[in-house]
Amino acid sequence: MVRSVVSMALMAIMIGVSNVIMEEDRSVNDTRARIEQQVIENDEEEG
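Just add 5 to the spot in the sequence shown (first one is 1) and you have the numbering used here.
Worth flagging that the hints you see were computed from the coordinates, not collected in a lab.
Computed from a predicted model, the values in this text were never measured in an experiment.
Just so you know, even glycine gets a beta-carbon here, dropped at the ideal spot from N, CA and C.
Check each hint, because a few of them may be wrong.
Unchecked claim - Okay, the calculated beta carbon distance ranges per label pair:
1. 46 <-> 10: 38 to 44 Å
2. 11 <-> 31: 28 to 34 Å
3. 50 <-> 15: 48 to 54 Å
4. 50 <-> 10: 42 to 48 Å
5. 24 <-> 49: 36 to 42 Å
6. 49 <-> 25: 44 to 50 Å
7. 15 <-> 36: 30 to 36 Å
Using the sequences and the accompanying hints, generate a full structural model.
This is how it looks when you write it as structure tokens:
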């Protein structure tokens, strides 16, 4: 009984941590794409 509760808690923590890591990766990629898009738009305006 105790072992199953502990393993459930560990799994929940691991899933939560992996979700946080995935969210950070996604937000980093989004901001990088947005910055590249702004650079392209600025280049077009100058030309």
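Check each numbered hint against the structure and report the violated ones by number, ascending.
1, 4 and 6
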